[in-house]
Amino acid sequence: MATIVAPLQHSPVEDAEVIRKACEGWGTNEKALISVLAHRYPHQRMEIRKAYQDRYREDLIKRLESELSGDFERALYRWILDPADRDAVLANVALKNGKVDYRVIIEVSCTRTPEEFLAVKRAYMARYKHSLEEDVACHTTGDLRKLLVALVGVYRYDGDEINAKLAASEAEILHHAIKENEFNHEEIVRIVSTRSKTQLLATINRYKDNHDTSITKTLAGNRENVLVDSLRAAIRCITDKQKYFEKVLRNALNKSGTDEDDLTRVIVTRAEKDLRQIKDLYYKRNSVPLEQAVAKETHGHYEEFLLALLGN
Amino acid sequence: MALPVEHEALTKAFSGFGVNEKLFISELGRWHSEQRKVFRKRSEQFFIEDERGFERWDHHHVALLEREFLRFKTTLVLWTMHPWERDAGLANEALINGPQSYGVLIEIACTRSSEELLGARRAYHSLFDLSIEEDVASQVDGPERKLLVALVSAYRYEGPSVKEEVAKAEAKILYNAIKNGVSKKPSEDDEVVRILSTRSKLHLKTLFHYYKEISGHNIVVDFDVDMYLKQTVECMYAPQTYFSQVLDAALRDDADEAAKRALIRVIVTRAEVDMKEIKEVYCKLYGVSLSETIEAKAHGNFKDFLLALVEKGQSD
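Line by line, the protein sequences are chains Z and D. Its first residue numbered 3, the first sequence is counted upward by one per residue in our numbering. Its first residue numbered 162, the second sequence is counted upward by one per residue in our numbering.
Hints listed in this document are in silico derivations from the structure and should not be mistaken for laboratory results. Mixed in with the good hints there might be a few duds.
Calculated lysine to aspartate or glutamate pairs in the DMTMM-like style (CA-CA distance at most 20 Å, straight line) [what the hints assert, rightly or not]:
id, chain 1, residue 1, chain 2, residue 2
1, D, 345, Z, 145
2, Z, 52, Z, 67
3, Z, 131, D, 326
Predicted model only: the values in this text are computed from it and were never measured.
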């Protein structure tokens, strides 16, 4: 469930005016920006952008970019984009910053539904004049490339059917490949990157039934191996994404010097989706509410913004 | 009494594509039992002399006849079908038929637009409860799997933007891959698969142009070493040449059933796309018009329907 608190009705013109006023003159009234933008659904934000453009002949996003800076700006910028466009930007940033942040690519390709991810790919092409596949392919090499390109290229079947026999046989294929330390085994990549999510979940469950341990635990030993880490992340994203996101948040907040990129990304991308469940998981796992942890590790308008998205 | 000349016409009507319904009606339909008996006795290729004193239909030929009768229906159904369903069905059929038909997968993946291929993938979900990539990945066994999965998964950029330096650099990569082709099979080269399966078609056109500058040859010629790569490149570099060659192979006298089925597939799928250009290339390559060849090799309603599709380009 979503955590953001937004009214059912709003006036895009009035919102645009409030925002304009907040940006006029010296400095910026960040509180006012947060009070509007953090409390609007995607279609409402789109209407505000349009109203702002119509009225003031200026792209709201460009205006905000010039008014704000730092973590707050980055978070608000990501927030205000349409979700598919946002994911496209996140993917592009993950690829172009020297060292590829493969976890972001995996997150975007594995936690969105097939239709949502298709929209991301279209948004990516519109923005960057390249397909996401070709950019992922030419920025990665070797086994990691194989996995990432496959995850990004797939258009998974989204039905509920489970082929139990297939789940059993593919669970064994996975077991064998892992046992033999053949993590680059084409079969693991094939299964994880082509099967429907429902089918893959059935396969993972079958693995657990047969071997008394979850496949992600078996893969956990090898943290330095980028491919193994990616496979684990992909499987977790596909089979239990809320648990995956809780862990990302936990790590981001526990780090000395919080990882704002991860923190922003998870909160901004899940606030309209399932942040409520993620919050519950966070509390269960860490005995403190997520808001408390965020308040402790962040400050200023960035903190206010995140807390607003969290439902405060 | 039946005349040998009519027998000959009838025998001919049983070969090639489709069946000559009018001839059967006007001839066979008129014959009385004695004439039919003479026909059976004189047509050793269709009837076997049974030991118990009668001429028995050769079942193999009955099957062939059934198949020829079916061609018109198949064409009709395929023609009226939504292109997405059509491509999904063709892809699935190719997958089931095995390696000799994998070329159809390449054909569909490389000659359709990004949205058409995406549509086919959607239809595949509906028809088979699987994604095409998972089916191809799990059914294809050999080294060509990598290339085939990558091609059917493609969702290429179709805009006008191309980076010339990148195209040039990648042309060099392909050139080197072929040069080293003895030590490492080009179709298993990750870079070759990456370039051919992710880059936009416009980028590839530019790349092929640079390739010719580097190698002195057309890339199709150099890629001759690897059947699947050659076809991939052909489909993207010169699709009308590719289709003309497929049609020619289908219309030869010694064509097998797999090659023959391509006749319907190509004509139905290209009738409203680039049939005009295909006809021009076909004529240039083989010195005879496609329509003439179809006229000579096909019969009856099937022939008429095909010609109607082939001629569709004319009035546009």
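Status of the hints after comparison with the structure:
1. D:345 with Z:145: Distance ~18 Å between residue 345 of chain D and residue 145 of chain Z Cα, so the pair holds.
2. Z:52 with Z:67: holds (17 Å)
3. Z:131 with D:326: holds (16 Å)
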